[in-house]
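Sequence lines, in order, name chains A and B.
Under this note's numbering, think of the first position of the first sequence as 2, with each following residue one higher.
Under this note's numbering, think of the first position of the second sequence as 2, with each following residue one higher.
No lab work stands behind these hints: they were computed from the structure.
Misleading hints may appear alongside valid ones.
Same chains, same names: a pair is fine if it fits in one copy or spans any two.
Stated by the list, open to error - Only pairs whose alpha carbons sit at most 30 Å apart, straight line, appear in this in silico DSS-like list of lysine-lysine: (1) Lys-310 / Lys-403; (2) Lys-122 / Lys-9; (3) Lys-122 / Lys-18; (4) Lys-306 / Lys-66; (5) Lys-9 / Lys-268; (6) Lys-66 / Lys-164; (7) Lys-403 / Lys-390.
This one's a predicted model, so the numbers in the text were calculated from it and none came from an experiment.
These are the residues of each chain, in order.
There are 2 protein chains.
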Amino acid sequence: MTNPWEEKFSKRTAWMKSSFIRELLKVTNQPDVISFGGGFPAGELFPVERVKEACEKILTENPQKALQYSTTEGYDPLRQYLVDDYRSRGVNIGLQNIQITGGSQQALDFIGRIFVNEGDKLLVESPTYLGALQAWNAYGPEYVTVETDDDGMQVDKIEAIIKEHDPRFIYVLPNFHNPMGVSMSIERRKQLVEISHKYNLPIVEDDPYGKLIFEGEMLPSIAKLDCQFRKGVDNFEGNVIHTSTFSKILAPGLRIGWAIGPEEVIKKMVQAKQGADLQCSTFDQYIAYELVAGDWLPDHIELIKRVYKERRDAMLQAFEDFMPEGTTWTTPAGGLFLWLRLPEGCDSLELFPKAVEQRVAYVPGVPFYPIDGPRNTMRLNFSASDPEKIREGVRRISVMAKNALAGK
Amino acid sequence: MTNPWEEKFSKRTAWMKSSFIRELLKVTNQPDVISFGGGFPAGELFPVERVKEACEKILTENPQKALQYSTTEGYDPLRQYLVDDYRSRGVNIGLQNIQITGGSQQALDFIGRIFVNEGDKLLVESPTYLGALQAWNAYGPEYVTVETDDDGMQVDKIEAIIKEHDPRFIYVLPNFHNPMGVSMSIERRKQLVEISHKYNLPIVEDDPYGKLIFEGEMLPSIAKLDCQFRKGVDNFEGNVIHTSTFSKILAPGLRIGWAIGPEEVIKKMVQAKQGADLQCSTFDQYIAYELVAGDWLPDHIELIKRVYKERRDAMLQAFEDFMPEGTTWTTPAGGLFLWLRLPEGCDSLELFPKAVEQRVAYVPGVPFYPIDGPRNTMRLNFSASDPEKIREGVRRISVMAKNALAGK
Numbered sequence: 002m003t004n005p006w007e008e009k010f011s012k013r014t015a016w017m018k019s020s021f022i023r024e025l026l027k028v029t030n031q032p033d034v035i036s037f038g039g040g041f042p043a044g045e046l047f048p049v050e051r052v053k054e055a056c057e058k059i060l061t062e063n064p065q066k067a068l069q070y071s072t073t074e075g076y077d078p079l080r081q082y083l084v085d086d087y088r089s090r091g092v093n094i095g096l097q098n099i100q101i102t103g104g105s106q107q108a109l110d111f112i113g114r115i116f117v118n119e120g121d122k123l124l125v126e127s128p129t130y131l132g133a134l135q136a137w138n139a140y141g142p143e144y145v146t147v148e149t150d151d152d153g154m155q156v157d158k159i160e161a162i163i164k165e166h167d168p169r170f171i172y173v174l175p176n177f178h179n180p181m182g183v184s185m186s187i188e189r190r191k192q193l194v195e196i197s198h199k200y201n202l203p204i205v206e207d208d209p210y211g212k213l214i215f216e217g218e219m220l221p222s223i224a225k226l227d228c229q230f231r232k233g234v235d236n237f238e239g240n241v242i243h244t245s246t247f248s249k250i251l252a253p254g255l256r257i258g259w260a261i262g263p264e265e266v267i268k269k270m271v272q273a274k275q276g277a278d279l280q281c282s283t284f285d286q287y288i289a290y291e292l293v294a295g296d297w298l299p300d301h302i303e304l305i306k307r308v309y310k311e312r313r314d315a316m317l318q319a320f321e322d323f324m325p326e327g328t329t330w331t332t333p334a335g336g337l338f339l340w341l342r343l344p345e346g347c348d349s350l351e352l353f354p355k356a357v358e359q360r361v362a363y364v365p366g367v368p369f370y371p372i373d374g375p376r377n378t379m380r381l382n383f384s385a386s387d388p389e390k391i392r393e394g395v396r397r398i399s400v401m402a403k404n405a406l407a408g409k
Numbered sequence: 002m003t004n005p006w007e008e009k010f011s012k013r014t015a016w017m018k019s020s021f022i023r024e025l026l027k028v029t030n031q032p033d034v035i036s037f038g039g040g041f042p043a044g045e046l047f048p049v050e051r052v053k054e055a056c057e058k059i060l061t062e063n064p065q066k067a068l069q070y071s072t073t074e075g076y077d078p079l080r081q082y083l084v085d086d087y088r089s090r091g092v093n094i095g096l097q098n099i100q101i102t103g104g105s106q107q108a109l110d111f112i113g114r115i116f117v118n119e120g121d122k123l124l125v126e127s128p129t130y131l132g133a134l135q136a137w138n139a140y141g142p143e144y145v146t147v148e149t150d151d152d153g154m155q156v157d158k159i160e161a162i163i164k165e166h167d168p169r170f171i172y173v174l175p176n177f178h179n180p181m182g183v184s185m186s187i188e189r190r191k192q193l194v195e196i197s198h199k200y201n202l203p204i205v206e207d208d209p210y211g212k213l214i215f216e217g218e219m220l221p222s223i224a225k226l227d228c229q230f231r232k233g234v235d236n237f238e239g240n241v242i243h244t245s246t247f248s249k250i251l252a253p254g255l256r257i258g259w260a261i262g263p264e265e266v267i268k269k270m271v272q273a274k275q276g277a278d279l280q281c282s283t284f285d286q287y288i289a290y291e292l293v294a295g296d297w298l299p300d301h302i303e304l305i306k307r308v309y310k311e312r313r314d315a316m317l318q319a320f321e322d323f324m325p326e327g328t329t330w331t332t333p334a335g336g337l338f339l340w341l342r343l344p345e346g347c348d349s350l351e352l353f354p355k356a357v358e359q360r361v362a363y364v365p366g367v368p369f370y371p372i373d374g375p376r377n378t379m380r381l382n383f384s385a386s387d388p389e390k391i392r393e394g395v396r397r398i399s400v401m402a403k404n405a406l407a408g409k
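Extracted from the complex, chain A is given alone in its bound form:
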């Protein structure tokens, strides 16, 4: 049957696609499937009692404001917390530089809305965050890509690309990259900021996982390096737009993220937000503020890091023990994901149904490549399963891979 609505839809709907991941979640929700597919934080670590206390407090002390309409920019005490937190990390922002958004996903949508005309080129990593592509596809860009390796985006290659393609902005995930789990070296970060200033080109820095570092030194954000490049000028009127979220350190169900940017960019974000949905949930913003205002948060983040590191280690060990020769993988120093490369000839997308037969799920690498890329890759999440399940899940993937290699 034909779809009588097809001819009524805008042409932009042809560019919009369903997220492979969110579609996959529907398939793999059965309880006997071990899923490394989603990007779920560990639910058993959610600070449930703290959320309960926060709700009780808010609904006792300030219910009429917490349940009412509020400003588009976001709840001021929450924004002020972010100002203080970023300033303590060398990012010279003020209230005028912050827009609260529906997760960092909505910040990405607004970046598309305010920067991208149909046919504009965007310089993105290959592979990169699928959700960013999905947000921006609605605005009709073309992607130009630069490869990302174990030290992050290959920044030495981007000047030539900029000269050839004149992109609108550069999009980069410097910390515990989604999907690869890798981090960008300090040298490359500095070089990226220099190039950005040389070509007067905005950088979109997407940093949902930065605080979840298990080992090694926390590297300065691109936002901080941009402030430093401008000789410590006490403002945020540089080239960086930075996005992040409470989803990974508090709880994603609250949908509280943010964008940080120069004042003129944030003004446009506010207009975008007014048209898009007026504001984020007032109540959830109050809850997030109560949570981050508590002095227990650093300990809570330490707990998450300890648990995720254990899970990452379980996954790495299981690779060593089970995966067939020729398999390689990244070793993330933080975050939720790693990147597995099966031996040549294994197509992770084609193999996906066989994985589901084995009752295990992953995300094939293909949708993360804006244009094209190797087909033997997959993204694995290690935050949402305990070590035992991780070991068993990897074993199942190894069975699938070995069968494939044996031509079964």
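Assemble the complex: chain A is given as a structure, and chain B must be docked to it using the hints.
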């Protein structure tokens, strides 16, 4: 100082404007200003204890799911509640016809996203809901308008407009219209559905206030009439896309609204939502479900209606007692707003600073006209102030108007 970002922004940013209302809220938040400007429901009626019980229950019984990522379409029990509620009112929907959105504002944004190409024409009322214009402006439409009078949209004029302009859809607020407070007659509703089928043209029915009816008979929704027109076929594959919200019967701070539409439209909405912000707050959806699942809700709605009717009556009485001759107004049978027309020659936009001097605020009519309209009109909200304040606020407006008429 020039704005160095200007040249970097997309051309769509030139179409986006700040909402007069949301900017005005910043000016009129001082406690001694009586504000009829916002669209705030009465905060003192929020079901705070019920919200508290809901939070306690959810966070005790199901915290890991309520704080985790969830499906883009929305929380199934909440969607099922809506299915049952609409079916009980003759609207033959199923789960596949509902997308939960960030207030009904986000549903309007998605309608723009999936239907509007730059330069497309949209047939809207004059005046109409400012927020719809703001949502759609980002997609670059042109507006063609039909006047709305005390019986709603002048449907008898739209065939000629459709033939001339070939609009993408017709946008209508049939119940307690924002800004006018008027409702569309049953004859016009039926005629609108007939025309929609004759020209195979979608109707966007925006109904945030329908349940807040103070007097008279609740008229059938356009969605119901469309089902009837199709001879009671038990599906929702007609011409109507319907939007609504819990903001006015529960609390707007939760940001839970929805769109109802044919399955193919909802599929596109889901894709739009995935790119825009993945999903609404899981926690707020759980709260909303706990609230609507309670058998206290009908009594709560009766309470809101009783209080708002009292406030409307106070406003109407104050008009009678204070306003200068030549002032006219609408008499809404429900909702939150009414529409005041000052005597000829009074320009409500020009007078706004004088109103603020008198410590009273309203929304001038001008921004509600998609193209142009009389300048003596204003929208007044009666839900957010008690009768005494309403009387005093109207008195202040009357002073301002009388001064203006006297040339002061």
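Evaluated hints:
1. Within a single copy, Lys-310 and Lys-403 get their C-alpha atoms as close as 27 Å, which meets the 30 Å cut-off; across copies the closest is 72 Å, which misses it.
2. For the identical chains of this complex, Lys-122 and Lys-9 are neighbours both inside a copy (27 Å) and across copies (13 Å), given an alpha-carbon limit of 30 Å.
3. Within a single copy, Lys-122 and Lys-18 get their C-alpha atoms as close as 19 Å, and across copies as close as 25 Å, so both meet the 30 Å cut-off.
4. Proximity of Lys-306 and Lys-66 under a CA criterion of 30 Å is satisfied inter-copy only: 21 Å between copies versus 35 Å inside one chain copy.
5. Taking the shortest alpha-carbon separations for Lys-9 and Lys-268, only the inter-copy value of 14 Å comes in at or below 30 Å, while the best intra-copy value is 33 Å.
6. In this assembly of identical chains, Lys-66 and Lys-164 lie within 30 Å of each other by CA distance neither inside one copy nor across copies; the values are 51 Å within and 48 Å between.
7. In this assembly of identical chains, the alpha carbons of Lys-403 and Lys-390 lie at most 30 Å apart only when taken from the same copy (20 Å versus 77 Å across copies).
Of the numbered hints listed earlier, the single one contradicted by the structure is hint 6.
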